[in-house]
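Just so you know, the sequences run in chain order S and F.
Mapping the first sequence onto the UniProt record's numbering, position 115 (from 1) lands on 115, and the numbers just tick up by one.
Mapping the second sequence onto the UniProt record's numbering, position 73 (from 1) lands on 73, and the numbers just tick up by one.
Just so you know, the hints here were simulated from the structure itself, not pulled from any lab data.
One should not assume that every hint holds.
[Claimed, not checked] To be clear about the criterion: a stretch of chain S counts as covered by chain F if any three or more of its residues have a C-beta under 8 angstroms from a C-beta of chain F, and this derived list gives those stretches:
(1) 64-78
(2) 153-161
(3) 179-191
As the structure is a prediction and not an experimental result, all values here were calculated from the model.
Ideal Cβ placement from N, Cα and C applies to all residues, glycine included.
Number of protein chains: 2
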Amino acid sequence: MTTPKGAATRLRIVEAAAAEIRERGTIATTLDDVCRRSGTGKSQLFHYFPQGREQLLLAVTEFEAERVFQDQEPYLHELDSRTAWEAWRDAIVETCRDQGPHCPLGVLIADVGRYSPAAQAVTTQLIRRWQAAVRAGIEATRAAGGIGPDLDADRTAAAVITAIQGGVSVLLSTGSATHLEVALDLCLDHLFAANARPVG
Amino acid sequence: MTTPKGAATRLRIVEAAAAEIRERGTIATTLDDVCRRSGTGKSQLFHYFPQGREQLLLAVTEFEAERVFQDQEPYLHELDSRTAWEAWRDAIVETCRDQGPHCPLGVLIADVGRYSPAAQAVTTQLIRRWQAAVRAGIEATRAAGGIGPDLDADRTAAAVITAIQGGVSVLLSTGSATHLEVALDLCLDHLFAANARPVG
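Based on the sequences and whatever the hints tell you, model everything.
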């Protein structure tokens, strides 16, 4: 059992690591930096993260992912029209453009995302959760009459997630958010084309 | 001026580094490993790559990218119908699925792609070249009557590249090629929907 005090200490360590990584990058951040910033000792850190650095990086990834979801939540819960989807797209593009190659979640997933089964489990879970939220938005928009009955919600939600991943990946490599914007636009066209009725 | 013998030595070093990285990953590969495998000395290596490790990694990225283009070329040059585009999609998905999280170009771009202006220049150039080839395929398909006049070739080519990047990024993180396949399918639907004529 973790006590409330223990949970607070663990969170303080994760927040300190997240702040260091935002400022200096994953590779340059050491456990000593995290201890100094969080005011904890090494033995305390290893009490909460017995597997050390990688386990801490995964906890930071989950922490940053939670922050992204909280930023997105107001938009995701309102997805029921093309206008609402465009507001969501604009929010994503704007956030990513502001952060540029320093998008914390993007950097973390790129750095920790494939070196261990534990890292794969965390990123797979993130993708699944994000995709479920997009899928719920598609169903809500369909219920509101904005999307036709033939659209495959699962596959389209997967394509939207891929567009975001690809857009962020290009942004991390080139510094430009154009690919993110264009790929999301194509997904939105696809979402609403399924409902298109010939006029006249 | 590089002599033919010098070019051969440089290529031998790049090939050795590429082989080491394929077997052991970017992080675990040292310059000593590369020297041993290529039968060259450290001073020779620094003659061709005066900035050392990062410069060598960028050369390996270009080398692996060239290999990917050569694999794709037979398909890219034939893009003039939906059947040809589907053959290309299948080739990409199959290659990526076989390589799984070990896709050499994906790993290299993720590892070197954002730590310096030189790395950004190489990956930006790769994305541009790849996108130009896809754009040429869209124009060839349009010339053959497969794609309607209203489709924006530039934006669609950018979305296709983003779908590939995103699909490979999900594959590197989760081991599954489903997102790659679904996202490319959506792009193909978009490509050919622009030409859809109602029947009857």
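These are the hints, each one checked on the structure:
1. Residue count for the segment 64-78 of chain S with a Cβ under 8 angstroms from a Cβ of chain F: 0. That is fewer than the three needed, and the coverage hint is violated.
2. Residue count for the segment 153-161 of chain S with a Cβ under 8 angstroms from a Cβ of chain F: 5. That meets the three needed, and the coverage hint holds.
3. For the segment 179-191 of chain S, the proposed coverage by chain F is satisfied: 9 residues have a C-beta within less than 8 angstroms of a C-beta in that chain, meeting the threshold of three.
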